[in-house]
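Trainee: Chain by chain, the residues run as shown.
There are 2 protein chains.
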Amino acid sequence: MSTYRFSFPTAIHFGPGVRAQVAAHLESEGLSRPLLVTDRGIAALSMHEELMDQLAAAGLKAASFSGIWGNPVKSQVMPGVRAFKEHQADCIVGLGGGAALDAAKAIALMATHPGDLFDYEDEKPGARPIDGAIPYWVALPTTSGTGSEVGRSSVISDDETRLKKIIFSPKLLARAVFADPELTLDLPAKVTAATGMDALTHCVESYLAKNYHPICDGIALEGVRLAAESLVTCVRKPKDIQARGSLMMASMMGAIAFQKGLGLTHSCAHALSTVADFHHGLANGVMIDYALKYNIPAAEDRFRNMGMTIGLKNPSGESFIRWLETLKSETGIPQTLSEAGIKKDQIDRLAQVAIGDSCHLNNPRPCTEETFRGIFLEAY
Amino acid sequence: MSTYRFSFPTAIHFGPGVRAQVAAHLESEGLSRPLLVTDRGIAALSMHEELMDQLAAAGLKAASFSGIWGNPVKSQVMPGVRAFKEHQADCIVGLGGGAALDAAKAIALMATHPGDLFDYEDEKPGARPIDGAIPYWVALPTTSGTGSEVGRSSVISDDETRLKKIIFSPKLLARAVFADPELTLDLPAKVTAATGMDALTHCVESYLAKNYHPICDGIALEGVRLAAESLVTCVRKPKDIQARGSLMMASMMGAIAFQKGLGLTHSCAHALSTVADFHHGLANGVMIDYALKYNIPAAEDRFRNMGMTIGLKNPSGESFIRWLETLKSETGIPQTLSEAGIKKDQIDRLAQVAIGDSCHLNNPRPCTEETFRGIFLEAY
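Protein chains in written order, with this note's numbering: chain A, 4 to 383; chain B, 4 to 383.
Honestly, the hints are just simulated from the structure, not real lab data. For clarity, every value in this text was computed on a predicted model and none was experimentally measured. Any given hint could be a false lead.
Treat identical chains as interchangeable: a pair holds within one or across any two.
Claimed, not checked - Think about it this way: if two alpha-carbon atoms lie no more than 35 Å apart in a straight line, the pair counts; the simulated DSBU-like pairs of lysine-lysine are: (1) K242 x K213; (2) K331 x K316; (3) K331 x K88; (4) K346 x K88; (5) K88 x K242.
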């Protein structure tokens, strides 16, 4: 497996070992004081030490901030902003999954913008404009899931309500991505499965989303192919670098494609994170087959295209859903919400939160609160 | 059919009537003195007058340069540069097919760069760097073919040798594209067919190209679907705006995708332009089935994927080639080189020029001069 450089629209350096190019890249941009932003788990791994060593060896003065965990909340972001200022950092290196990378974006934003983080919430009436310069930042994903490394949004939860707030601006895009599948070789099977289902869900839902965007359609459908080819292998043979590379590519393609829009699975997943602090990818994985079944009457052609793309013998909406069910079982994703620890009396609240989420507005078939209640009940 | 805005990486305004947004767009960029660059044929059409009127109505001081025709040569570009300077233009509006848009890029380059146009030839030893600012320019394609409106290269021929020279730089990208399928409604069937075959060839060859680029693969394959759905309709029912829109989108997707690389059909086509001044799209259209047959052993999977995508019953390399043969006949593309006016004694020269062309370096199966001689002979 070789290394590559793409620009679509972010410059993506892709392939085993490209993480070693970060220090030289920052130097070539005239930067010298990076703040490494990562999560608690990764800070304890050798990849963190290795990267800090590489930055130091190149003569860069790097500091590390690792106060991120779970679904990141605002109170985790603000100490990162202080760390940035105390270090007099001139750039950020985000290392991690969606949580760390979204936090890196929020820290970059608040390093140069006044007020409260949630003043910048997307589409909030009276939201402050993101009009200042954002510190240069590069992203090193360590999971193949959210694709936050190529995305222009940062999802941070409110500490009290647990509601996910979306900060959105093209200015939040990483200036360069170093997508190194070697960083995912040690992921536990459960994390590989949950994040991989997130990547797959992004590809599938953006392909199904009702907006017109053939460029994203093509990227999404090819992402479905790559995820379908690689996900089970990544779970069963974690050191298969080819499969790890394909899944990482699929995760970036899903995130590039979902500027077209997502769908109801994501609204279900956001509700599960809000109501039960579910891991986002796991939530998508548990819900995807139950939720997408609802879309079959509105998108038969597109289900058939996806089925053909992944090599189903009789491609159709039904066979695609059956394939998803098998995929869940092969990757160890819980088949039901009860298996995943949800109580029946949480379902009303889940449906309320889901209908309030904006992702389903691009779903190919309109949803009501009743739709969501039905889907959650079936998934239960 | 509605209008849309994409950014991938160029901002694309797409849909019927978006051409009316050009004047306001230039104004919003603080520009006031556009030079319209177009070809001789379009200068005589009402779309040229309409656009000049719209620019004037918005208070912009526009001038028009229309000294472009055929496969554009350097001696057509330089008067355009003089027109830009004489008008004291601050931006360029390119209106036309690949010839006019490639000329617009070359004029923009030479408006701010010293020396000779071909000093900037891509990969020429000692080539001058494209390091200055390039005037702001926007593109309005009037054919669905080259996709030059989203491309970063300008192909201009040497007046004497007729060899095509490629000037390449991301700086040559249009800053915005106004892709209005209404501008293609009056195209003669022959031009629709030839340019449409160019768009299809870009999609097919970039999908088959051996480089690794799954993002481009997805865009290319979806472009194949759109071109296959729309090309015959555009030829037979020229006023079908839906089909015209799909073909225009396919042409842009082909051009975005071919940053991945092209293949041997393009080397054949470039030889036909050099040796016999063939229209580029027509050359691709005549050669595509003969040339691609050579690739079947090296890319069975990809031919099958393309066949599935366009809905062939038994998708394979052979059935895809048969589909191309039928498409040629349904769109009035000559079936053979002799039908297209080539003499048998030109074949040696064609093979010599084709092997010297760089496009086949990304072909999935290696080519020799003998390969090309064989393909030209069969196509003859």
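Trainee: Could you figure out if K331 and K316 sit no more than 35 Å apart (CA to CA) within one copy, between two copies, both or neither?
Mentor: Close inside one copy (19 Å) and across copies (31 Å); limit 35 Å.
Trainee: Please work out whether the CA atoms of K346 and K88 approach to 35 Å or closer within one copy, between two copies, in both situations, or in neither?
Mentor: neither (44 Å within a copy, 73 Å between copies)
Trainee: At 35 Å max between alpha carbons, let me know whether K242 reaches K213 within a copy, between copies, both or neither.
Mentor: Classified as between: cross-chain Cα gap 26 Å, same-chain 37 Å, threshold 35 Å.
Trainee: 35 Å Cα cut-off: does K88 pair with K242 within a copy, between copies, both or neither?
Mentor: neither (39 Å within a copy, 61 Å between copies)
Trainee: At most 35 Å between C-alpha atoms: does K331 with K88 qualify within a copy, between copies, both, or neither?
Mentor: neither (44 Å within a copy, 64 Å between copies)
Against the hints set out earlier in the document, violations occur for numbers 3, 4, 5.
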